[in-house]
Structure formats: structure tokens, C-alpha cells
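S.K.: Residue 190 is where the sequence shown starts when you use our numbering, and the numbers rise one by one after that.
Don't take each hint at face value.
Said to hold, decoys possible - Calculated pairs, DMTMM-like style, for lysine to aspartate or glutamate (alpha carbon to alpha carbon, straight line, at most 20 Å):
#, residue 1, residue 2
1, 230, 294
2, 256, 276
3, 271, 293
4, 271, 284
5, 230, 219
6, 271, 200
7, 230, 266
8, 256, 200
9, 230, 293
10, 230, 257
11, 230, 252
12, 256, 293
13, 230, 200
Hints were generated in silico from the structure; no laboratory data involved.
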Amino acid sequence: MRGTVDVVQPDVGRVGRLTEATRVGLHASDRGLGVVPHCWKSAIGIAASAHLAAVSPTCTFMEFLPKELADSTLRRDLCSRKLPVVDGRIPLPKEPGLGVTINEEALSHFRVA
190 MRGTVDVVQP DVGRVGRLTE ATRVGLHASD RGLGVVPHCW KSAIGIAASA
240 HLAAVSPTCT FMEFLPKELA DSTLRRDLCS RKLPVVDGRI PLPKEPGLGV
290 TINEEALSHF RVA
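Work out the full structure, taking the sequences as your base and the hints as a guide.
M.R.: Given below as C-alpha cells:
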């Protein structure tokens with residue numbers, strides 16, 4: 190049915206990465222729908238979602254799970270440098286890239302041979 194969705198929640202890691210998530214967000218914005226990126230898995234996804242939120246005209250919030258509340262070691266340990274939360278906001282980095290640094294030791298723990 191038309192008109193039954195008010196908010197879309199693209200997950201950057203599941204919808205086709207950042208480019209496709211941006212398309213979903215712009216498509217929703219064109220129809221007057223809100224965009225709230227869905228993200229739980231890692232600091233990489235959170236950083237990508239923050240970038241998505243910044244370019245989605247109708248995005249005012251994004252899902253965010255602080256690492257202190259996460260049961261997942263992937264969420265807590267995969268990145269040694271993460272985007273900070275400042276007064277309830279996640280500022281984007283000034284340098285190129287997502288603004289995270291992979292913890293190589295943790296990454297080796299998650300590798301599958």
C-alpha cells in the first residue's frame with residue numbers, strides 16, 4: 190500500500206554499501222520519507238552510517254549502540270580508533286576516509302581461514 194511507510198532504515202552493510210545506501214536515502218527523501226540509518230555491528234558500520242546520515246536530507250537521527258553496551262566483541266574491539274560522540278552527535282572526520290582505524294590484532298581474531 191502507498192503511504193504506509195514514514196521512515197526507511199537502510200543498513201549500509203546490507204543494502205549494497207555506502208553508494209546504494211545513499212541512493213535509498215535520496216529515493217526516500219524524494220518521497221518525503223525520513224531516513225534513520227540502521228547500524229549495530231561495528232565502528233566501521235557506524236562511521237559509514239554517520240556519513241550516510243550527513244548526506245541524507247531527511248535524516249535527523251541514526252541508530253547507535255555505544256560499545257560499552259554491546260555484547261559483541263566485533264562491536265567493541267574491531268577498531269582502535271572510532272568516531273567520537275560529542276554532545277549526542279558524531280562529527281565526521283576532516284581527513285579522507287571513514288575516520289576509523291582497524292585493530293589488526295582484533296581483526297586476526299575474526300578472520301576465517
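S.K.: Failing hints, ascending?
M.R.: 5
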